[in-house]
Amino acid sequence: AQSVTQPDIHITVSEGASLELRCNYSYGATPYLFWYVQSPGQGLQLLLKYFSGDTLVQGIKGFEAEFKRSQSSFNLRKPSVHWSDAAEYFCAVAPGNTGKLIFGQGTTLQVKP
Amino acid sequence: GAGVSQSPSNKVTEKGKDVELRCDPISGHTALYWYRQRLGQGLEFLIYFQGNSAPDKSGLPSDRFSAERTGESVSTLTIQRTQQEDSAVYLCASSGQAFSGNTIYFGEGSWLTVV
Chain A
1 AQSVTQPDIH ITVSEGASLE LRCNYSYGAT PYLFWYVQSP GQGLQLLLKY FSGDTLVQGI
61 KGFEAEFKRS QSSFNLRKPS VHWSDAAEYF CAVAPGNTGK LIFGQGTTLQ VKP
Chain B
114 GAGVSQSPSN KVTEKGKDVE LRCDPISGHT ALYWYRQRLG QGLEFLIYFQ GNSAPDKSGL
174 PSDRFSAERT GESVSTLTIQ RTQQEDSAVY LCASSGQAFS GNTIYFGEGS WLTVV
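For the protein sequence lines, the chains are A and B, in the order given.
Under the working numbering, the first residue of the first sequence is numbered 1, with each subsequent residue one higher.
Under the working numbering, the first residue of the second sequence is numbered 114, with each subsequent residue one higher.
Mixed in with the good hints there might be a few duds.
[Claimed, not checked] One-sided and incomplete, this derived list gives chain A residues near chain B with beta-carbon spacing under 7 Å:
1. L46
2. A86
3. A94
4. N97
5. Q105
[As the list claims (entries may be wrong)] Label pairs and their in silico Cβ distance ranges:
6. B/S179 to A/A17: 43 to 53 Å
7. B/T226 to A/S52: 34 to 44 Å
8. A/T5 to B/L152: 32 to 42 Å
9. A/P113 to B/E157: 29 to 39 Å
10. A/E66 to B/R194: 13 to 23 Å
11. A/T5 to B/R135: 45 to 55 Å
[What the hints assert, rightly or not] Non-contacting residues of chain A with respect to chain B, defined by C-beta distances greater than 10 Å in every case (computed):
12. A29
13. G41
14. S80
Treat the hints as calculated values from the structure; they're not laboratory data.
A quick note: this is a predicted structure, and the numbers were derived from the prediction, not measured.
Ideal placement from N, C-alpha and C gives every residue a C-beta, glycine not left out.
Only chain A is shown next, with the shape it has when bound in the complex:
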């Protein structure tokens, strides 16, 4: 069965430091991959998505993610974290092509001043 694993439940980084959130997926073929952010009191917002082509994907708010087929990973990165990035981040895979998403458990990001 398809699944998504986010190994880190909670991460704390200092403002201005770099960030990497890990995501591993289980799926037979190359899936569609997504990262979403959920801020308190707000709905989920799409940060970026990967379908094919260039394995380094740029998203909004200065985020990027790299698809590595050999590692079945799609890690999210940001060079310099801002306090406003504190939120919960979800990696998701869309097996098949129906738009249906399977989400990881999420990683809560805390940013220290």
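Got chain A sorted already, so can you dock chain B onto it with the hints?
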């Protein structure tokens, strides 16, 4: 509307009662999805609609859960004989078509508490 709208935003109900949660998708979006998010957990897929039909209901937890959509617009998720484990945020999302290339837009959810 401008975004996916869900109502009620908060609902407290007694165990055993039925509840209905409503979703108004973005105007013109033909695909509509329901997810459940329990406290501290990820999102669980429940069901999706393409138009008024539901090709995939595989995520509905039990026969107490049902959903319908009419007029390729509003959808209602109904939970009968609610149980405490049904307490969660129920998120609705929509997209132009049920295709993974289309961005899915989420509503802010309906918080359900069963006491």
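- Satisfaction of the A/A94 interface hint, Cβ to chain B closer than 7 Å: Since the shortest Cβ distance to chain B is 4 Å, the answer is holds.
- Item | Status of the hint placing A/L46 at chain B (closest C-beta pair under 7 Å) | Holds. Min distance 6 Å.
- Do the Cβ positions of A/E66 and B/R194 conform to the proposed distance bound of 13 to 23 Å? Cβ of A/E66 to Cβ of B/R194: about 47 Å, so the range 13 to 23 Å is violated.
- Task: Please confirm whether A/G41 is truly not at the interface, meaning its C-beta sits more than 10 Å away from all C-beta atoms of chain B.
- Result: A/G41 is in fact no farther than 10 Å from some Cβ atom of chain B, at 8 Å.
- Regarding the hint that A/N97 lies at the interface with chain B, is the smallest CB-CB distance below 7 Å? 5 Å, holds
- Could one say that the CB atoms of B/T226 and A/S52 fall in the range 34 to 44 Å? 42 Å, holds
- Item | Hint status (Cβ of A/A86 to nearest Cβ of chain B, threshold 7 Å) | Violated: closest Cβ of chain B sits about 16 Å from A/A86, beyond 7 Å.
- Query: Per the hint of 32 to 42 Å, is the separation of the Cβ atoms of A/T5 and B/L152 within bounds?
  - Reply: Roughly 20 Å apart at Cβ, these two residues miss the hinted range, so it is violated.
- Lying within 43 to 53 Å: is that true of the beta-carbon distance B/S179 to A/A17? This hint holds: roughly 47 Å between Cβ atoms.
- Item | Least C-beta distance from A/A29 to chain B larger than 10 Å | 12 Å, holds
- Please settle this one: A/S80 was flagged as non-interface, so is its CB more than 10 Å from every CB on chain B? 26 Å, holds
- Range hint 29 to 39 Å (beta carbons of A/P113 and B/E157) holds or violated: 35 Å, holds
Against the hints set out earlier in the document, violations occur for numbers 2, 8, 10, 11 and 13.
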